[in-house]
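Undergrad: Go by the hints and put chains B, C, D and E onto chain A.
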Amino acid sequence: MSQYLYIALMFVGIYGLLSQKNILKMIISLNIMELGLNLFIISTGYIKEAKAPIILFGNEGNYVDPLPQAIVLTAIVIGLGVTAVALMLARNIYKTYGTYEIDEIRGENDD
Amino acid sequence: MINPVLLIAIPLLAAFISVFIQKLSWVLLFGVSIFTAISGFFLQKGMFMIGGWKPPFGINLMIDDYSFIIIIVINLLFFLTLLSGMWELKKNKTILMVILAGINGLVMTGDLFNLFVFLEIITISGYILAASSDKYYSVFKYLVLGTLGSSLYLFGIMVLYGTLGTLNMADISQQFPNVSGSVKIISLTFVFAGLGVEAKLLPFNAWVKGIYGNTTPLTGPLFSTVFATGAIAVFGRIFGQILVPDSTLIFAFIALGLITFIFAETSAMASKKLRELLTFSSIGQAGLIITMFMIGGFYAALIQLINNAFAKTILFSYATKAYKSNGDDTINNMSGLFRKNVMMGFGFTVATLSLIGLPLFFGFYAKINMLQSAFALNMWIPALIILGSIIEGIYYIRLLVKLWNPGEEGQESSELAQSQFVIKNGFSLSLIAVLIGIIFVVSGIIPDFLTENIAKAADSLSDAATYLSTVLGGI
Amino acid sequence: MKKIIAILLTVAVALFVFTNLYSGDSDFKAFGEKSLEETVSKEFVNKTVDPQRVQPETGSANIVTSIVVNYRGFDTMGEVTVLFVSALGVALLGGVLRKKVTFRYKPGFIINQGMKIIVGIILISGIYIFVHGHLTPGGGFPGGAMIGSAFLLMYLSDDKFRTRIAAFKVLEGLAGSLIMIVGLVGLSTGGYFLYNFLPNGEIGQLLSAGIVPVLYVLVGLKVGSEVSNILGDFFIGEVEE
Amino acid sequence: MTINSLIAQGMISSLLVYLLTKLNKKLGAFLTVLFSGYLLFVIFGFQNSAGEVFSLIHFGEFELTFMTSHYAWYFAIVLTLTYFLVSFFNPYWMKKMVNPAAYNMLFMVSMVGTVGVFYAKDFLTLFIFYEIVVWSSLFIIPMGKSRKTPVIYYTISSIGSFAMLYAIFYLYHSVGSFDIQAVSEAMSQAPNTYRFVFFTMIVAGLTKLGIFPFHTWLPAAHGSAPHTFSPVLSGGLVKVGGFIALITATVIPSFKILAGDLQLMGVPFENYLIMLLGAVSIVVGTLMAIKQEDAKKLIAYSTVSNSGYIIIGLMLNDQVGFAGGMMHVFNHAMASGAMFLSFAAIAYRTGTTKMSELGGLIKRMPLTFAAYLIAIISLAGIPPMSGFASKWLIFQGLASNGMMFIALAAFFGSIGSFLYVFRPLSAAFLGQLSPKHKDVKEVPWMMQIPLIIMSFLTIFYGIFPGRILAYISKIQESVGLKGVEIEGTKIIAATGMWDSLVITLVFGGGFMLAAILFFISPKAKPVDQMNTYTSGEFIYDPDHYHYAKNYYATFENNYGNKKRVELFFDAVALRVKEFGEMVKTMFFAKSVSFSIFWIMLFFTLVYFWGDKV
Amino acid sequence: MSYLIGLMLIVIAFLWQVTLEGFQRKVTAKVQRRVGPRWYQTFMDIFKAFSKSSISHGFIYDFGAMMTLGGTMATVVFLPFSGIVAFNGLDNFFVIIYLLAVGSLGMAMSAVGSGNPWASIGVMRALTQMVGYEVPFMIVVFGMIFGYGTSSISALVEVQAGGFLNWHLLRMPLGAIVGFISLMGMLAKKPYDTPIAPAEIASGPLVEYGGKHLGMLMLQHEFAVFIEVGLFVNLFLGGGGIVAYLIKYAAVYLFATIISAVLGRFKIEQVVYHFYKVPLALSLIQAAVVIFTGLGVEIWL
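For the record, the sequence lines run as chains A, B, C, D and E. Residue numbering for the first sequence follows this note's numbering, beginning at 17 and increasing consecutively. Residue numbering for the second sequence follows this note's numbering, beginning at 977 and increasing consecutively. Residue numbering for the third sequence follows this note's numbering, beginning at 34 and increasing consecutively. Residue numbering for the fourth sequence follows this note's numbering, beginning at 142 and increasing consecutively. Residue numbering for the fifth sequence follows this note's numbering, beginning at 49 and increasing consecutively.
Some hints could be false.
[To be verified] Among the chain A residues that face chain B by a calculated CB cut under 8 Å, a handful are:
1. L33
2. S35
3. I39
4. M42
5. E50
6. L53
7. F56
8. I57
9. I87
10. V101
11. L105
12. N108
13. I109
14. T112
15. T115
[As the list claims (entries may be wrong)] Residues from chain A that keep clear of chain D, each with C-beta distances beyond 12 Å, as calculated:
16. N47
17. I70
18. Y110
For the record, the hints were derived by calculation from the structure and aren't laboratory data. Using N, Cα and C, we set each Cβ at its ideal position, and we do this for glycine too.
Only chain A is shown next, with the shape it has when bound in the complex (with noise of 0.2 Å):
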């Protein structure tokens, strides 16, 4: 069943967090986790013969659960407004201390 796939994308993500040590790569894990859970978002409206739920093409009543898709909608543009954000702190770090690699990193968090 394709959500189990979605699911395992997500930890995939985490997977990543986890591992990497390079802020693209962290930002990029970020992603996939959050495509994972859309992705879970989206399958848990699936219902099985129904349709798209546009009133237009006809369908009466059997429609897929529309509000899941509605969430992801939302779901998909933060997403999008934290990665903007994200990018722009990488750039930012890029800037301040030459490098993307975490451990390169000096001179923060030391007291």
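TA: Only chains B, C, D and E this time, still in chain A's reference frame:
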């Protein structure tokens, strides 16, 4: 009476307007903040549907006694933060207005997904404000953890949706007890972890050190009071009323809260810089309050939440101002600093003593209530709470003694040894400090004048039936 | 070693999630096996949330749109705000860099001219999408994104384009304010924020579904300008190698 | 006048004092004298009042109430007297203080707080005022020499006070009331609860009294507090701990409730354990006091030792020993107050309390010397001063119970006290006058007043201890013990009696005899102090001819030089800090992956643990 | 009346002990193969001292001398002497021990007040030694007090009436040994004469004294010896009638003299160490035996 939607709509409207009328943004920000701070007191209670769609189908705002008091507190805190961070606003005015709207929405909303949206609004605003400290990596860490947290939260609520077919809090809280254990454990842990990131619970809060530890006079009080109060209040709402965990799982959550409390307090004890110390103290307090929410001591939790929020306003404002003015906040270099600004010193001291929970200050009332409700559960939780309080007291007293009394060790205390530090732009903070200090003292002697509403709030939180009937039975 | 631990841990958590979610006694509706009757969506689909209203409740043919903009319009407002904030944030963060971009390549003639044609088409289809958001798949967000992509194309192909960001700011703020004002008008006329105070009309018509198309157009404009803003801000600080 | 209005007046006038001190330093200080005198006067009026209830305020859903009682009056009068006498010193120290206004205010607050502690009807009130006393005194200490010691003070105090808070709420949880009377009645049915409460609550008393192993704060805080506050700390605030112990063990009658428990030497083993701690602190206090170079630290350690006597006396809970413990509260307050005050006087004139830098001050400050002498005679328990009465009673109490090991400590402490009290006398007052202090004068008359009063009281109650013991026997009867037996000036214990007046008269007679002998003999020729036997060498430097440093070095050689308890506490503090650092590195690491690892681990653990909820 | 008896006791003590002191010097001399002074030499010493001129180092120097003599004489009054008790019931053990300390304190004050460091060192040693011998002694007596339920010395004498088998010397042999060793310490006889140690610290506390001051201190010393030996006789040898008392007294005192005549001197830290090593342990054993088994008090032959 004011429709609570306005507390979200007006700040947002002002934020949008401020984009193209830049010059007015200063006025807009303060106007909006004063408006929300005042109108918080005149908020209309009850359930408010958005777009006229009744729950669980539409989104609703819920103003019961609980959110009422939180809204008042948060908006007041926001205003105080603005006052103390007046000189740091710069280009952040629009974002601040969005934050105001977001935090109000976060507290009032009656829909789990809507809560996620508001959570994202304030966290993204948080990333941006935090970046004003130029510590981009810390912000990035916050971003990663924050995004992970909200994703976990979203996963949790989508599992719930997949099971119950609804996102409305009231609806879910009604059906949740009947859900099978395996779904419960998934949804609860994921929601817990997701909110735990914002509420600063221990394994989820690695971002806090970098963010709180590098705050400016604006972001310091903002994060530590407004954000923290909002996040913890939501935490209390969700786990106190909506998704009430069962006995096994709640034990894990309580354990985590207590671990956060004690671990963070020990870390604070090991801190040599003022902001870092306060950071860990904030984490510890969050752990404590969440523990109280988890064990059902809503009243105590709320009192401590408010106590902590107002106390941290002064503490963080002072610490960040000291850093801003001198470029350093090592405690050893600040010896005798209060002698130069006695009013702030007074406020700081009273706030600290209240936070520790010494009598004559409001915090003591919180502490005895905490112990009372903790004892209702078992004997170990109060013991651990007391252990943490001892550690907390030690480092705060160390701090206060240092800041009040200039002088080398082994020498009589004298003005000669006073720190070279100064506090710039401290006038508004002095006023706030004295004001809050007096409130702490007065309410420490006669707590009734503050606690009446809090007691109602706690009652409304534990009274799920009324909540359900207000939301689902209304209209 | 670290990676092994990472894999083990991830797999363990994933396994626990799977086993709990799909175990026999789990109430979680397995993939595709749920029924609309068990969710709140059945009322959305049937448009019978509020029996006291004029039927159909929303004139939107696209049920997703009716949810996004009408039933759960508040979410959308929030999501627009998120985008707004992140656009602001990108601008603020980028403001630190303060350096204009120059490309290492020079846009050629074909690109220059081709762009002029394509941008028009993209813009128009974008606008079409959000104007028809209540009828067909799509809506403010995809439409806005398309508008954004049009401007991305313009950025890429024309060095001189970058001067009009201020206009986007105004558009963005204006659209946002209008959304709020529409909501507030609903509050004052219907008593509820974001109340649908316009007539619903007939399903399938362009001018139907009350405030849904109005809001969706505003959202589309806002998203478009925000995306463009974000892109524009990204170009500001591009460091020359 | 009621207790609650007294408390309110005190709190308000402390603010007033703060403002007035800001205006004029001396004025504020005189106000503290005035107010503490007023407080003493008013409290004195409550001498025969018992069982009167005053309600202070509603504190949330709780009510704070006061109740008068004999034991409360006794403690209150001792403390207010100490505060009152010490306050005479205040005006002279205002110029030397870094923050005189705060000093005066906190002085007042702590004074009022102690009254609140003693008159509390319920545990909550008691705890509130106890904590007020702690923090108000806490902020005075760093105005002296050290910024570290207040932290030690707070740490140990808070261990005690939080243990007490825990006990209080445990009681509230199981009894449903904070009221001491109610708890006391309920406990007789629940010895198991009481046993737990006994140990947790008495920790507060032990910490405040400075009983081993919580004694470390005393030398630290007393030694470095402002000179005018050390006497209050030692003579006054330490007694608050004694009060807590009294409440825990006697007002809630441990001897009745725990009668079914294992009895060791006539007392329940719980009491005996506490007495053992008291015994250890006597020994530790004595040994440590002997080797101090700083007079204030020395007196502080002597306080540790004397607190041991107090707790032993109180824990005996009998007719004689208890009376001794109670009387020792007063005696020690006067004696240690006078000792600290004399050294405050010395510090006022010479600027130091280090014994090796002083010497021969008797010629310059005879009154201070006399006050110190009388105080140490009392502290060492030598008749005819009042200190002997309490020690004698405690010894009788121990002897009639056969508590051998505790008696060993008590005897050791008593004899050892000769050593340490004599040292400041010898090093600071006697011996060679240092040229540095050639022009030192006696302290101003206002500072002499408390010294004179304390000396007078010490002598008076040494001759007529029955005056105090009669009141103590009232206390004993009010808590269900047999009152100590007095006949005129005779004090009768089961194992013997003594008559203070006769002893004084005989001693006086002996002294007269000696004086006659002295004066009928040829008159002595006065010579200079430097004109002594010097083995024929010419000595020109009084400083070098003054034996003051390492006075008991030879004796100290017999025991180690490590402050083991301090080291232990330091080690604990270090471990806590290290743990904090570990938490920082573990949970607040630089790498994001680290915290994601923890999150994942949390999930795993939850799923492992609560597989099915 | 009591006061007159007290005065009488003081006179008896003076006459008897000063006489015995002369004998003691004689005995010591004999042991050391010397001739030694005449038996009334000590009387002569004291009277001579009072008649000579002296110097004074200030008020406390004089005051301390008076205090020490007065305090010690006062103590004599309270000590039961062969059944004669000046103040009935007030012959309390603790009173005697602590009243004796008044004398020591006075001497210490006076000596240190002279300003001579030798005196200070001597006083330091005396006090240190006191810590050594008092504690074991008090513990032994503590056991007795518990055993008989009284701390009155005359009562403790009474319980030993009826033959030497009832003496505590036999009933509590360990206690008696401890008592005797402590007595040696109290008397500051060798090996415990460290505080005086003429060759080391020029007679310690007495270094500055001359004339009447010295006379008073000598007197004080004699009274103190009378009390200390008297305590031992009363507590362990059962007191007795006047003759028996005096004989026992002389025996104990001379026995101590003979022992000390052949011994060297401890260092001061050795004194304390010594007292805490053996006598304290013995005294604890003795007290424990009395307290926990009653052996020596209730159970006896």
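Undergrad: For which of the previously enumerated hints does the structure constitute a violation, in increasing order of number?
TA: 2 and 15
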